[in-house]
Amino acid sequence: MLYAILCYDNEAVTSSWSKEKDDEVMANLGAVLEKVDATGRLGPVARLLPTSAATTIRKGKEPIVMDGPFAETKEQLLGFYVVECASLDEALDTAKQLAAASGSAGAFEIRPLGYFNAFGLKAK
Amino acid sequence: MTDLAWIEAALTAARPRALGALVRYFRELDLAEEAFQNACLKALETWPQNGPPRDPASWLIMVARNTAIDAVRRRSKQTELPDEEELARPDGEDLADRLDNSHYRDDVLRLLFICCHPELPATQQIALALRLISGLTVSQIARSFLVSEAAMEQRITRAKKVVASANVPFETPDAVERMERLGVVAAMIYLVFSEGYSTSSAQPERAHLCDEAVRLGRLLLRLFPDEPELMGLLALMLLQHSRTPARFDADGEIVLLDDQDRTRWNRTMISEGLALIDKAMRHRAPGQYQVQAAIAALHARADHPGETDWEQIDLLYATLERIQPSPVVTLNRAVAVSKVHGPEAALAMVEPLADKLDSYFHFHGLRGALLEQLGRAREAAKAFDQAIALATSPAEAAHIRMHLDKLQLANKSTKTDVGSRRGRSSSGKGDKPA
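Note that the protein sequences, when read in sequence, are chains S and X. The C-terminal position of the first sequence is numbered 124 in this note's numbering, with every residue numbered one higher than the one before it. The C-terminal position of the second sequence is numbered 1434 in this note's numbering, with every residue numbered one higher than the one before it.
Don't take every hint at face value.
Under the rule of at most 20 angstroms between Cα atoms (straight-line distance), these lysine to aspartate or glutamate pairs were calculated in the DMTMM-like manner [claimed, not checked]: (1) LYS1161(X) / ASP1174(X); (2) LYS96(S) / GLU84(S); (3) LYS74(S) / GLU109(S); (4) LYS1339(X) / GLU1311(X); (5) LYS96(S) / ASP67(S); (6) LYS1356(X) / GLU1311(X); (7) LYS21(S) / ASP1226(X); (8) LYS19(S) / ASP9(S); (9) LYS1161(X) / ASP1030(X); (10) LYS1042(X) / ASP1106(X); (11) LYS1406(X) / ASP1226(X); (12) LYS19(S) / GLU1008(X); (13) LYS61(S) / GLU75(S); (14) LYS1160(X) / ASP1309(X); (15) LYS21(S) / GLU11(S); (16) LYS21(S) / ASP1211(X); (17) LYS1161(X) / GLU1119(X); (18) LYS21(S) / GLU1205(X); (19) LYS21(S) / ASP1358(X); (20) LYS19(S) / GLU1205(X); (21) LYS1339(X) / GLU1307(X); (22) LYS19(S) / ASP1211(X); (23) LYS1339(X) / ASP1309(X); (24) LYS1382(X) / ASP1358(X); (25) LYS1412(X) / ASP1385(X); (26) LYS59(S) / ASP1226(X); (27) LYS19(S) / ASP1309(X).
Partial pick of chain S residues on the chain X-facing surface, computed with a CB cut under 7 angstroms [claimed, not checked]: (28) ALA12; (29) SER16; (30) TRP17; (31) LYS21; (32) VAL36; (33) LEU48; (34) LEU49; (35) SER52; (36) ALA53; (37) THR55; (38) ASP67; (39) PRO112; (40) GLY114.
Note that these hints are calculated values from the structure, not bench results. Yeah, the Cβ is synthetic: ideal placement off N, Cα and C, and Gly gets one too.
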């Protein structure tokens, strides 16, 4: 069974950390990840860039592109994709294709990654 | 994890919103600041035991107002104070939320705007913003400006006096007023950045100002998420700041853009900057920050100086010339023009700037380089001599010296009576904001 562990915190606070504090937190987390990875149980790990860099697509016949992160609380996080893109436009394009294919309502938040490591876990 | 570092970060993060709200209530900066300080002390006392509140800013606003009520009673200036029964209610957080969320954006913007008082010189605006919004201590700010703590204390006190006597409108601004404030505040944030970035040698205390400006830029963009110029401003700062690890050599001297080890550029900042500029450009409403960021982005996308898309940079500088005409912008454009259309075209752009830029190092440096490329050695040497006299860093000086040595060598192969130019110095283009 695969589990995703999603990370939430107050961005204003975490972005006020000093570099030393940030490095310390990342090192502490890294130590845990290393152990998990050693058992072959670790899949992709990503750190998202701040929400100020986010763009949101509201799905629909004519998808609407909006600046900023996904802010609704009536909808729940269902999944995510990590896609290599040369530009935001390419990312939006991919998201629109996915939106059209899903045919349902909802939204996609498009956020650049600051850190990504695929680690060793192979999907079964 | 209610450790001290967390609390400090939470207090710093909550500061703009909390202080902004308190300034609106009390309409007096000193009182608001004092109340906020008291609330912070309370937080340091109680949070370690009780754990941090879910919304630190609201908690601080409530506590600050309660502690300031007595002080306010003794004065008569207060306006719009919420009634005491409400303040005394235990569900303080909800109340603060209700009272503040609708005003949040304008509170923070007002606080930033207050610092931009036109009677304050730029350095005082920056100092005040760092004190009030970033919450840096006077000694931290003094170190950034390389002045004594006493001098900085005086500067900030003076700035606060000017601000206190100013008529800051406390009403919620209309859309036009809001846009004007945003423009003024964006300029001030970029000043904070430039103050940290425009050093000619490695000074970590000053580089800290760049981090602070980026933080303010993110704060502002979170409040106004669909303003392309704010995206441009943040992108510009991130893309420039990404070069910081490569901008200084082991001796702390500046390294020119072409000579920087690009593998040392901060990739995370570049990713964020590129995402932001892509986002901004979708609005098709170019402004000075966006165009400058787009230029910086083209440098960031080139893994090697030779891969730089100068044609695109030329077009962007042409746009910038239209939006914000200045001889320095034209000079920068001439660099791109020289790469795309050759030195002759560039020199034709540069020559008419002589009057305005006669005391500008980069003018003479670029002119010299263009003349050199055109084989006009004697004129080039003269221009380089002028540049050397205006060099502001050893890197600039060394760069020009290199040009002069090259000219001298070329000269030697034809003549034999060349005097030594050792000890001289000067340069081409430094790593200035794009």
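Each hint, compared with the structure:
1. LYS1161(X) / ASP1174(X): violated, 27 angstroms
2. LYS96(S) / GLU84(S): Roughly 15 angstroms between the alpha carbons, so the hint for LYS96(S) and GLU84(S) holds.
3. LYS74(S) / GLU109(S): holds, 15 angstroms
4. LYS1339(X) / GLU1311(X): holds, 8 angstroms
5. LYS96(S) / ASP67(S): holds, 15 angstroms
6. LYS1356(X) / GLU1311(X): violated, 26 angstroms
7. LYS21(S) / ASP1226(X): violated, 31 angstroms
8. LYS19(S) / ASP9(S): Given that 20 angstroms is the threshold and the Cα spacing comes to 17 angstroms, the pair holds.
9. LYS1161(X) / ASP1030(X): holds, 10 angstroms
10. LYS1042(X) / ASP1106(X): violated, 26 angstroms
11. LYS1406(X) / ASP1226(X): Judged against 20 angstroms, a Cα distance of about 51 angstroms means the pair is violated.
12. LYS19(S) / GLU1008(X): holds, 14 angstroms
13. LYS61(S) / GLU75(S): holds, 19 angstroms
14. LYS1160(X) / ASP1309(X): Not satisfied, since the Cα-Cα distance of roughly 46 angstroms exceeds 20 angstroms.
15. LYS21(S) / GLU11(S): This hinted pair holds, its Cα atoms lying about 14 angstroms apart.
16. LYS21(S) / ASP1211(X): Since the Cα atoms of LYS21(S) and ASP1211(X) sit roughly 14 angstroms apart, the hinted pair holds (cutoff 20 angstroms).
17. LYS1161(X) / GLU1119(X): holds, 11 angstroms
18. LYS21(S) / GLU1205(X): With Cα atoms ~17 angstroms apart, LYS21(S) and GLU1205(X) stay inside 20 angstroms; holds.
19. LYS21(S) / ASP1358(X): Violated, at about 47 angstroms.
20. LYS19(S) / GLU1205(X): holds, 14 angstroms
21. LYS1339(X) / GLU1307(X): holds, 12 angstroms
22. LYS19(S) / ASP1211(X): Roughly 10 angstroms between the alpha carbons, so the hint for LYS19(S) and ASP1211(X) holds.
23. LYS1339(X) / ASP1309(X): Holds: LYS1339(X) and ASP1309(X) sit about 10 angstroms apart, inside 20 angstroms.
24. LYS1382(X) / ASP1358(X): Distance ~13 angstroms between LYS1382(X) and ASP1358(X) Cα, so the pair holds.
25. LYS1412(X) / ASP1385(X): OK: LYS1412(X) and ASP1385(X) at ~18 angstroms, within 20 angstroms.
26. LYS59(S) / ASP1226(X): holds, 19 angstroms
27. LYS19(S) / ASP1309(X): violated, 33 angstroms
28. ALA12: holds, 4 angstroms
29. SER16: For SER16(S), the interface hint holds, since the closest Cβ of chain X sits about 4 angstroms away, which is under 7 angstroms.
30. TRP17: holds, 5 angstroms
31. LYS21: holds, 5 angstroms
32. VAL36: It is violated, given that the least Cβ distance between VAL36(S) and chain X is near 20 angstroms, above 7 angstroms.
33. LEU48: Where the cut-off is 7 angstroms and the nearest Cβ of chain X is about 10 angstroms from LEU48(S), the hint is violated.
34. LEU49: At 5 angstroms from the nearest chain X Cβ, LEU49(S) passes the 7 angstroms test, so the hint holds.
35. SER52: holds, 4 angstroms
36. ALA53: holds, 4 angstroms
37. THR55: holds, 6 angstroms
38. ASP67: holds, 4 angstroms
39. PRO112: Check passed: Cβ of PRO112(S) comes within 4 angstroms of chain X, closer than 7 angstroms.
40. GLY114: holds, 5 angstroms
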